[in-house]
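Sequences listed follow chains A and B, in order. Counting in the working numbering, the first sequence runs from 1 upward without gaps. Counting in the working numbering, the second sequence runs from 1001 upward without gaps.
Read the hints as simulated data drawn from the structure, not as lab findings. One should not assume that every hint holds.
[Claimed, not checked] Partner residues aside, some chain A positions facing chain B, computed with beta carbon under 7 Å:
| # | residue |
| --- | --- |
| 1 | M176 |
| 2 | A200 |
| 3 | L202 |
| 4 | K206 |
| 5 | A207 |
| 6 | E208 |
| 7 | G322 |
| 8 | R343 |
| 9 | P347 |
| 10 | A348 |
| 11 | D350 |
| 12 | A352 |
| 13 | G353 |
As the structure is a computational prediction, the values presented were derived from the model and not from experiment. Glycine included, every Cβ here is placed at the ideal spot set by N, Cα and C.
Protein chains: 2
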Amino acid sequence: MRNADALALERLTAADPVLVDVKPACEVLEGLSPTTFLHAGPPIAFADMCPPMQGAVYCALLNEGLAKDIGQARRMAADGSITYAPCHSFGAVGPMTGLTTWSMPLWVVEDRATGRRSYANISEGVGVGLRFGEYSPKTLERLAWMREELAPLLSRLLREEGGIELAPLMAQALSMGDELHMRNHAGTALFVKNYAWHIAKLAGEKAEQVLRFIGVGHDQFFLNIAMAANKLAADLADGVPGSAMVTAIARNGVEVGIRISGLPGRWFTAPAPEVEGLYFPGFTRADACRDLGDSAIMEVGGFGGCAMAAAPAIVKFLGASGAETARKTTQDMYAITLGRHPRYQIPALDFAGTPCGIDAARVVETGITPVLNTAIASNQAGAGMVGAGMSTLPAEPFADALRALAEEMGI
Amino acid sequence: MRNADALALERLTAADPVLVDVKPACEVLEGLSPTTFLHAGPPIAFADMCPPMQGAVYCALLNEGLAKDIGQARRMAADGSITYAPCHSFGAVGPMTGLTTWSMPLWVVEDRATGRRSYANISEGVGVGLRFGEYSPKTLERLAWMREELAPLLSRLLREEGGIELAPLMAQALSMGDELHMRNHAGTALFVKNYAWHIAKLAGEKAEQVLRFIGVGHDQFFLNIAMAANKLAADLADGVPGSAMVTAIARNGVEVGIRISGLPGRWFTAPAPEVEGLYFPGFTRADACRDLGDSAIMEVGGFGGCAMAAAPAIVKFLGASGAETARKTTQDMYAITLGRHPRYQIPALDFAGTPCGIDAARVVETGITPVLNTAIASNQAGAGMVGAGMSTLPAEPFADALRALAEEMGI
Chain A
1 MRNADALALE RLTAADPVLV DVKPACEVLE GLSPTTFLHA GPPIAFADMC
51 PPMQGAVYCA LLNEGLAKDI GQARRMAADG SITYAPCHSF GAVGPMTGLT
101 TWSMPLWVVE DRATGRRSYA NISEGVGVGL RFGEYSPKTL ERLAWMREEL
151 APLLSRLLRE EGGIELAPLM AQALSMGDEL HMRNHAGTAL FVKNYAWHIA
201 KLAGEKAEQV LRFIGVGHDQ FFLNIAMAAN KLAADLADGV PGSAMVTAIA
251 RNGVEVGIRI SGLPGRWFTA PAPEVEGLYF PGFTRADACR DLGDSAIMEV
301 GGFGGCAMAA APAIVKFLGA SGAETARKTT QDMYAITLGR HPRYQIPALD
351 FAGTPCGIDA ARVVETGITP VLNTAIASNQ AGAGMVGAGM STLPAEPFAD
401 ALRALAEEMG I
Chain B
1001 MRNADALALE RLTAADPVLV DVKPACEVLE GLSPTTFLHA GPPIAFADMC
1051 PPMQGAVYCA LLNEGLAKDI GQARRMAADG SITYAPCHSF GAVGPMTGLT
1101 TWSMPLWVVE DRATGRRSYA NISEGVGVGL RFGEYSPKTL ERLAWMREEL
1151 APLLSRLLRE EGGIELAPLM AQALSMGDEL HMRNHAGTAL FVKNYAWHIA
1201 KLAGEKAEQV LRFIGVGHDQ FFLNIAMAAN KLAADLADGV PGSAMVTAIA
1251 RNGVEVGIRI SGLPGRWFTA PAPEVEGLYF PGFTRADACR DLGDSAIMEV
1301 GGFGGCAMAA APAIVKFLGA SGAETARKTT QDMYAITLGR HPRYQIPALD
1351 FAGTPCGIDA ARVVETGITP VLNTAIASNQ AGAGMVGAGM STLPAEPFAD
1401 ALRALAEEMG I
């Protein structure tokens, strides 16, 4: 391994993410303005966004009180009133459309040693919602409840707990069949199990509603927390001159973009892949949006497709043939990663560390590209999730990044 | 497969266990008297019991108010005041010493189709307690709290829920790395996740204490529930003339006993095995009680050692060499079981059903005996758990049962 990559990997794996607070975006995202709207994936203009992301912009305009109705929202979205930027540019990540704006509460994850922080919004639960571009009164009411009731409670919980160490929790979830991208059953259940008593103590009469929101049919609740933890690890590893280690993979539904440690802030993009997977009843490939969301930060940290061998039960959900697909995918990822994570282990592989630190050079050498476990969003605003599957990235962005790195190094 | 065994297996796997209530033993165990004390394993006289079980008898005498101090408890335990009987004789099961008496609250599990019921006491939590033969004021206070506060709340919860279907919950736990004998992390977490809201609703100010008791560091909470479910399946399968399918495996710390379907109520015993395993720091084999507890009912139903391939993370806890031990153990159990459970699947084995319906004939033919995942109790009363490991049963009881069955059938 080259020294630069070794250093980047060391920083990635040394991250010690602690969930410390929940705060409105405006209080924690430096440089955010009330009219700066953050979205998943690499940069994109409003006119080019996929319909779910455009719908999410309308929803955010209504949610922020910037537009009083959908007509005004449609006008404002396109007339230059709003500045659009990737979540990634503000130290944040968001699943699906990833829309993140001024008043929205964010999970705050802090690295114990350095104090560096990363952020992600809070899961809205199953079904449609802002993240799928829906803007019904029900969705807006839920966002208001999350902002006004849930977020202050979670903030108090986390401050009274003195933060929640996420590495042991994520390690335990891996030992319980999560790969932490499309399966967060265990992470979510452990969160409720460990802290339900404290929520009951703090929330009093509101505990029922809060515990029902988190606990009932909301298995991906933990994903957003894990995403912030992995964004933190990736950002800590970013900016090592000469390193081709991947520090971001993100999709906006039109393009997929990657970033590498040696070229911080630069996106290398290609058309977002179509996802191979299993469609829910009544939906087909024709209903699918191209690959969407910042949740591929999980694979950047060694979870999701990388850790699939830990989660054999997921294969049916993703439309894969059998448990062998889970093992094979993890084995493939070992071929393109720089190392094995010292804290995140896969029991079924005799506690081998997860493959982590995707190396753009090895991707180009082997022709093996990262596999992302992912939800499939509808290509219509507000229609929600139409399936789940595995997304195989194109090789071009990795080759482009390598060429740019060589140029930067004067090679 | 012989017709009798096929019928027994069909009844075992057709069980549809629903957790319907929590009731004091005196209200649900037919024929129980205030001075009938139930214990784990096959029948045993007080004088022959291992020290933890004798300690548990003292604890129960104090807990029931039959003895006013330990001196009186010691006298009463041995002077004929108390009648001892296996839990199994009353449709119940109990982990470790399994002491179950008049006022103790029991989980009530009902078969949906037949209305048949089975019972198990409620887990006291980690550390010492009644089940390890401890009788401190702290243990007695906890038993009183469980009886007076926890049990009525759980009863109300279950009645308002209309019962909780256990088969889907156990199937999900298997897909989350539990084998449901020595690993109930997922079963317990799912219980809290699914019902914390309802506990908060019912318990009001007491919710904090209840959720702390169930949720914090109490990963085996679900075991007792799963034991009652498997006792139910075993009892439904019991009494098929001619069948050599095992319907009970239980240890009292001195002897292990098995029962087979074709000879209901008859125990075939041998000295309880010493458990191969990993001792907690400060303990050695010299501190260990022989194999103890009714929890081997889990293996009778296809869990525990049978389902170990679902729980590779458990190998370290049990002192086994690697994940291969988990796969190998399940493979061995396929060789001595009558079939694969249609509802309980192992994702890592491409969703193969768990090996279930241990066949005494196949045990004798192959020389492979059931492997039990188990806790290792101290051989001292009140000292608690000293390790965990795998217990390989002796072959003699299976051979004895087969001979007796042949005799019964006039062969």
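How the hints compare with the structure:
1. M176: holds, 4 Å
2. A200: With Cβ-Cβ at 4 Å, under 7 Å, it holds.
3. L202: Since the shortest Cβ distance to chain B is 9 Å, the answer is violated.
4. K206: The hint is violated - A/K206 has no Cβ within 7 Å of chain B, the shortest such distance being about 9 Å.
5. A207: A/A207 check passes; min Cβ-Cβ to chain B is 4 Å, inside 7 Å.
6. E208: This interface hint holds because 4 Å falls under the 7 Å limit.
7. G322: holds, 5 Å
8. R343: With a minimum Cβ separation of about 14 Å from chain B (threshold 7 Å), the hint on A/R343 is violated.
9. P347: holds, 4 Å
10. A348: Since chain B brings a Cβ to about 5 Å from A/A348, closer than 7 Å, the hint holds.
11. D350: holds, 5 Å
12. A352: violated, 10 Å
13. G353: The hint is violated - A/G353 has no Cβ within 7 Å of chain B, the shortest such distance being about 14 Å.
Hint compliance for this structure: hints 3, 4, 8, 12 and 13 are broken, all remaining hints hold.
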